[in-house]
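Peer 1: Based on the provided sequences and hints, a complete structural model is requested.
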Amino acid sequence: NAGVTQTPKFQVLKTGQSMTLQCAQDMNHEYMSWYRQDPGMGLRLIHYSVGAGITDQGEVPNGYNVSRSTTEDFPLRLLSAAPSQTSVYFCASKVAGELFFGEGSRLTVL
Amino acid sequence: AQSVTQLDSQVPVFEEAPVELRCNYSSSVSVYLFWYVQYPNQGLQLLLKYLSGSTLVKGINGFEAEFNKSQTSFHLRKPSVHISDTAEYFCAVTSNRDDKIIFGKGTRLHILP
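Going down the list, the sequences are from chains A and B. If you count by the numbering used here, then the first sequence holds residues -4 to 105, one letter each, in order. If you count by the numbering used here, then the second sequence holds residues 97 to 209, one letter each, in order.
What the hints contain is simulated information worked out from the structure, not anything from laboratory work. Mixed in with the good hints there might be a few duds.
Stated by the list, open to error - The list that follows gives simulated cross-link-like pairs (lysine-lysine, DSBU-like), each with its CA atoms no further than 35 Å apart:
(1) A:Lys9 - B:Lys201
(2) B:Lys196 - B:Lys145
(3) B:Lys196 - A:Lys89
(4) B:Lys201 - A:Lys89
(5) B:Lys154 - B:Lys165
(6) B:Lys201 - B:Lys154
(7) A:Lys9 - A:Lys89
(8) B:Lys196 - A:Lys9
(9) B:Lys196 - A:Lys4
(10) A:Lys89 - B:Lys154
(11) A:Lys4 - B:Lys145
(12) B:Lys145 - B:Lys165
(13) A:Lys4 - A:Lys89
(14) A:Lys4 - B:Lys201
(15) B:Lys201 - B:Lys145
(16) B:Lys196 - B:Lys165
(17) B:Lys201 - B:Lys165
(18) A:Lys89 - B:Lys145
(19) A:Lys89 - B:Lys165
(20) A:Lys4 - B:Lys154
(21) B:Lys154 - B:Lys196
To be verified - Chain A stretches covered by chain B per the calculated footprint, using a threshold of three residues with CB under 8 Å from any CB of chain B:
(22) 16 to 30
(23) 40 to 47
(24) 50 to 62
(25) 89 to 100
Stated by the list, open to error - Pairwise CB distance ranges (calculated):
(26) A:Asn60 - B:Lys154: 32 to 42 Å
(27) A:Ser13 - B:Ser166: 43 to 53 Å
(28) A:Asn60 - B:Thr182: 36 to 46 Å
(29) B:Ser150 - A:Ser13: 47 to 57 Å
(30) A:Asn60 - B:Ser166: 36 to 46 Å
(31) A:Val7 - B:Gly149: 42 to 52 Å
(32) A:Leu105 - B:Lys154: 43 to 53 Å
(33) B:Gln106 - A:Asp51: 26 to 36 Å
(34) B:Ser122 - A:Val7: 32 to 42 Å
As the structure is a computational prediction, the values presented were derived from the model and not from experiment. No residue lacks a Cβ here, since even glycine has one placed at the ideal position from N, Cα and C.
Peer 2: Here it is, written out as structure tokens:
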């Protein structure tokens, strides 16, 4: 059971670089989401999707883009990385109210 | 819009003692409430959830929570904690009118020997 798979697990970027965090799930869940976790801030919702072709903004969407071309994949794009985006990013899918999380991607922006 | 407040950022408790982690929510509609646990260097997993029905909800690892609508609370309890309960605990809220799940800032549970 793969569940929710995130890649890469670790990434270091320089300010201004772009990158994509990948997220894939094999549970056929319609709902997928991205959170960032920062010390003392809990998890904050970045973007979410209720199905292929449908995305919406969460609490902290600025600086991030998403798309949902298939049910399985929900990539998160940073177009021009900033030090404030240094964080641990979690992808999660949902069914019957329960979120299923990936193991996280730790991103450092220098 | 929903919001969640976890009143304690850290809770120290002796092993085998009882513990309560507090969670209050704000919402203008009916809510669904969750507690998630994050063990060190891992993702989050569901402890328990309240969707409807009985206000006392039992979860995994001996945890339970009680939904109190009048006090807008969903406190998490365990009668006797173990070293293995060392983790960060997150309360979360959503509703049947919203696709977003909003998390509190978390409570770090420290088990003292």
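Peer 1: Can you give the numbers of the hints that this structure goes against, from lowest to highest?
Peer 2: none
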